[in-house]
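A.B. asks: What follows is each chain in one-letter form.
There are 2 protein chains.
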Amino acid sequence: MVLAQASLQLNLMPLPASVQPGAGQWIIDSSFSVAMTGVQDPMLSAAVDKFVSQLSRETGIPFKRTAAQHGAALTIHAEHKSESTLELGEDESYELTVNPSDAQLTAPNPLGALHGLQTFLQLVEPTPTGFAVPVVTIKDAPRFPWRGMLIDVCRHYMPMDVLRRNVDGMAAVKMNVLHLHLSDNEGFRIESKKFPKLQEDGSNGSYYTQSEMHEFIAYAHDRGIRVVPEFDVPGHSRSWLVGYPELASGSGPYSLVSTVDPVMDPTQEATYKFLDKFIGEMAGLFPDAYFHIGGDEVNGAQWNANPKIQSFIHSHGMKNNQDLQAYFNQRLQKIVSKHHKTMIGWDEVLHPDLPKSILVQSWRGQQSLAAAAKQGYSGLLSYGYYLDLIWPASRHYAVDPLSGDAAALTPEEKSRILGGESCMWAELVTPESIDSRIWPRNAAIAERLWSPQEVQDVGSMYRRLSEVSWHLELVGLTHRSAPTEMLHRMFGSDDIASLRTLADVLEPVKDYARAESIKLPADNSVPLNHLVDAVSPESDVARDFRDLVQSYIQSGYKDHDAVEKIRALLTKWSVNDAKLHPQLEQSFLLKEVEPLSQDLSAVSAAGLAALDYLDKSETSPDAWRTLQLSLMTSAKTPKAEMLLIIVDPVQQLVDASGHVGRTP
Amino acid sequence: MVLAQASLQLNLMPLPASVQPGAGQWIIDSSFSVAMTGVQDPMLSAAVDKFVSQLSRETGIPFKRTAAQHGAALTIHAEHKSESTLELGEDESYELTVNPSDAQLTAPNPLGALHGLQTFLQLVEPTPTGFAVPVVTIKDAPRFPWRGMLIDVCRHYMPMDVLRRNVDGMAAVKMNVLHLHLSDNEGFRIESKKFPKLQEDGSNGSYYTQSEMHEFIAYAHDRGIRVVPEFDVPGHSRSWLVGYPELASGSGPYSLVSTVDPVMDPTQEATYKFLDKFIGEMAGLFPDAYFHIGGDEVNGAQWNANPKIQSFIHSHGMKNNQDLQAYFNQRLQKIVSKHHKTMIGWDEVLHPDLPKSILVQSWRGQQSLAAAAKQGYSGLLSYGYYLDLIWPASRHYAVDPLSGDAAALTPEEKSRILGGESCMWAELVTPESIDSRIWPRNAAIAERLWSPQEVQDVGSMYRRLSEVSWHLELVGLTHRSAPTEMLHRMFGSDDIASLRTLADVLEPVKDYARAESIKLPADNSVPLNHLVDAVSPESDVARDFRDLVQSYIQSGYKDHDAVEKIRALLTKWSVNDAKLHPQLEQSFLLKEVEPLSQDLSAVSAAGLAALDYLDKSETSPDAWRTLQLSLMTSAKTPKAEMLLIIVDPVQQLVDASGHVGRTP
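Protein sequences appear in the order of chains A and B.
Quick note, the first sequence lines up with residues 1 to 664 if you use the numbering used here.
Quick note, the second sequence lines up with residues 1 to 664 if you use the numbering used here.
Any given hint could be a false lead.
To be verified - Label pairs and their calculated CB-CB ranges:
#1 A:P521 with B:S53: 17 to 25 Å
#2 A:G89 with B:Q210: 41 to 49 Å
#3 B:S206 with A:R164: 16 to 24 Å
#4 B:H581 with A:R164: 37 to 45 Å
#5 B:G22 with A:E516: 38 to 46 Å
#6 A:K591 with B:P100: 17 to 25 Å
#7 A:A578 with B:E585: 51 to 59 Å
#8 B:K139 with A:S206: 36 to 44 Å
#9 B:H581 with A:G24: 21 to 29 Å
#10 A:A270 with B:P42: 53 to 61 Å
#11 A:A289 with B:Q586: 22 to 30 Å
#12 B:S258 with A:G284: 31 to 39 Å
#13 A:R395 with B:P452: 55 to 63 Å
#14 B:P42 with A:E87: 42 to 50 Å
Read the hints as simulated data drawn from the structure, not as lab findings.
Since the structure is predicted, the reported quantities are computational estimates derived from the model, not experimental observations.
The C-beta atom is built at its ideal place from N, Cα and C for all residues, glycine as well.
Please put together the full structure from these sequences, using the hints given.
C.D. replies: The following block contains the structure:
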């Protein structure tokens, strides 16, 4: 794909559908101005103001938005006005043409123009002659119309400023749906005026008022982002039942600090009356056409234990709890539909009795998604996009909504797969650490959902990801600055250099390993202030080191540049514990890190010794290697919920030292 | 001073008046709670909420403010309620007693309790057994009642979030007055409803609305900080005259982008009518008892050129322009007083005809301040506290309001010196860089104004300053994070390690050198996006290096620990240019830095060679030293508005190599 190859050179993420590079560049200096032609649109006008102010942040040049003069301008033209509510499937395309002294951005809709402005911002770079944008023609449109992120605000409440800065980050990488997981066992996070005990008894005081939410939805709208609310029923509903125990299938009382996993009672009419009133209220607050009712992981215990419910199942000719949930979902779907919304639910809601208009969000995988599409349901993929699992960006990047079983679908069935959503489940994140769990990895998922399916070069992705990462801090995110402060705090000292050296080669354990090991209390009130909370989900330093070792080995130990860099890193690491160890002892939070610090230095010393053998083309003694490999095995064991990520490449060096030509 | 010695061990800034250390510590964990006894006070209650939330930031433990239980608590007791307006000279004292399992904070007024809470926050540190506060008894009260900072929002407008985070920083170091320089030639920054052309024509659209300011004053009040407005008249007033040229002494029209330095016409009654109405309006908006009228640097050109004004001078028996300004100030003082405010002005307002009730703020020095005090005027020192001069913290720290001429005053005269104010004049700072120009150095000035005069240990100050610095980022300031983003931006790349190495040993040129060299346009609209804008006013790395060199030389070249560290630094620097140089060429903003990068590596190489001579106790050849010293001389020349700060200590090494015993 020739065009994508050209675009790989640019620092764009997501990559555009088509890039036609030209020669030269347009210098962006104080004379820069913006001209708008086409429709007058308040959303676009606000976006241009934000663009100008972000351009100032990206350059340090104090731009004011002024009318274009003397032709030196970015001309923005949108054909149609935007609707007051953003809609799924709106034409989001745009064309951006940069010439040596001006540029044109055209789009059918303001939404496309917003995306084009983000592309323009990413193109601005310092060059030998000034900040500049390369001469280029970009024709761009998203591959999927639904490119979302879920933020769970229940397990840990996230103040509005967290949501706002993340919406800014989403807009920067052209995501367009923020899915707010607003109720779960651990908290009910939005004010209901009709049922005030929901937030009063169910939130510990941490919830969004309706006026805050109203303002926030407008904020997101101005950035081209739809806000889809999720109220998870009938399971995951303990927080509802603290104030309204009569909705439950078992007897209360319920409390936020208990571990009970109750379920609403789908056999009583009162439940539907409550939900009708509640959904009616929320349908007024959230303008989006979609309404998520959760529906996942219904724990059957209360249903099994309630004779009235069991007799309802039998008397209605149902076979089991799944049928009962389907009955509940059918009733719920009618209510949602009555309030002019389209229902979304997780995989489990899928049941032939539900109308094809609903949307299924799959946390189970492409197989489940494909099955739904075959039955005529529309779907979204979230399997593979769970940010809380602390996977490397490359692993998320490899997940495609139309791969696996979905690849075999007919074009019509494929068109039912609307896109996907990354998910930030919040058991183990706080307002302080959440950005570092979302970003920059989320940008790789954003690219998967926006860019052509063929865009798959992992090396290019990582190169561009590291560039987009610091740009995202300029947008207001704190994924880099906040962890630095956390290191200072746990160290209790200003000089964190040696702690940083260690932290830079550690990663948190993966999947649910940490959640299982720390045994979260029901209200998640454990301090998340350990080193594992401050280290990056993915170690850039370790990845670079691994690449160096690869290229050294592949060069037949001849890549001198690589070996020098490898030696410098191993040397730094090998002496780090001597400096760091006494300091670790001073902080109760860091004592647990001592074995990792020892491992880093010991493993690095082994790596240096292996390099010496390789340098001299001398085969290392078997006994020595055996000893080192047992050190490696022990160093690979998770400690303090973290993994030392450089062990594998060092082990490769040790292995390699057993295969070089000459025996000593 | 025994007590101060003990307190030097703690990470407190400013140091308390009295510290009595005890044995042991109180562990701060999730069981921490706060109990309030004494008066119910809304300001104190809000402060306790903020304290609890800041304690969470300082520990990562999710505290909720809950009533004390089981006696494990910080008990806070304030005797009297706070007034709705903060007042100068209020008793700000407090006593804090920390025991092994609880603590008591008592204060006559809520304001003292606020200070005590800040002290408590600074005492919290990670220890081997948990976050803890040492057992200690602190009795504290400020040395001066007026501990202020001026922020100039005219030369560069500072949005409210900049002011808010700086108020938070001030509160953390117990400053209590924010002086807002609200009008100057370059901008009029507050909405007047009576004279709307002031902000409409005089601000380029960047000004505070009255409702924003009202809200901000409440924000500052809740943090124990008074807001004193300054409207600089009759000079420094071009921004007024854009909309109201009839107030000027010369004919208009005036514009924000011209360099004219006009003066109001003090001979026409219309000027006083205008000021009366305006000051009346502002006196209602700003509740503080003080009102600053500027009065500095009146440029006589327009008065000299206006025959009507000259004839007024003669007909009223005045000798010169100074007498005319005194007449203006007298008239103004009556207006300010009529609106129930006490007038403040800069040195120049001092004139025997003015009542003793006014307050004089001295930018000229202790001599001027002492002269005023002798005449019965109260005063504030700002001379020596100009943050925009980019001095090291130690230089500000050495400036005492009661030193120099003021030291010879009688106790009564001394009592008229109420304190001082640091000044952040904003010609060369933006919202992005201002924090890094204020902090952490401002904390050293805060200590000078709060702590006993005997607190003068510079080594201790720097040790504590670096600790308070990262705490201030947890408070919300950006003095460390923002410059990092600026480096990324000018480099256009994620990997800034080698640029950082260089930046860490550079400082901006001092005093007014930069302002003079860049020739600011009248509206200051130049990009402040160069390396000089991102390097710290004071290089910690260079100061540490200088100390290492000192101790190595003083040890008779025997301090092996020092010499190893010196060699490591010099080695790193000596190879830095090879890495950095090709990257500098890629950015127009960094080309100017190339000579500094070369100098760093060349000077470091000379330092390494000198170390070799010293190591071998071999006298270096005279010719070699001559050559190196000419390199040093050239390396000391400012380049790109910056100074390479490591040259002097390297030169000491080179010099020393000429004096060691043995000739080769």
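A.B. asks: Now tell me, hint by hint, if it's right for this structure.
C.D. replies: Outcome of the hint check:
1. The hint said 17 to 25 Å for the Cβ distance between A:P521 and B:S53, and at roughly 21 Å that hint holds.
2. Distance hint for A:G89 and B:Q210: a CB-CB separation of about 46 Å, consistent with the stated range 41 to 49 Å.
3. At about 22 Å, the beta-carbon gap between B:S206 and A:R164 stays in the expected band of 16 to 24 Å.
4. The supplied range of 37 to 45 Å is met by B:H581 and A:R164, whose beta-carbon atoms lie about 41 Å from each other.
5. For the hinted restraint 38 to 46 Å between B:G22 and A:E516, the CB-CB distance of approximately 43 Å keeps it satisfied.
6. In this structure the hint that A:K591 and B:P100 lie 17 to 25 Å apart at CB holds, the actual value being about 22 Å.
7. Distance hint for A:A578 and B:E585: a CB-CB separation of about 38 Å, inconsistent with the stated range 51 to 59 Å.
8. For B:K139 and A:S206, the hinted distance range of 36 to 44 Å is satisfied, since their beta carbons lie about 38 Å from each other.
9. In this structure the hint that B:H581 and A:G24 lie 21 to 29 Å apart at CB holds, the actual value being about 26 Å.
10. A C-beta distance of roughly 43 Å is found between A:A270 and B:P42, which places it outside the suggested range of 53 to 61 Å.
11. Remark: the range hint 22 to 30 Å for A:A289 to B:Q586 is contradicted by a beta-carbon distance near 48 Å.
12. Between B:S258 and A:G284 the beta carbons are some 54 Å apart, a value that contradicts the proposed interval 31 to 39 Å.
13. For A:R395 and B:P452, the hinted distance range of 55 to 63 Å is satisfied, since their beta carbons lie about 60 Å from each other.
14. Distance hint check for B:P42 and A:E87: the Cβ-Cβ separation is about 47 Å, which falls inside the suggested range of 42 to 50 Å.
In this structure, the earlier hints numbered 7, 10, 11, 12 are contradicted, and the remaining ones agree with it.
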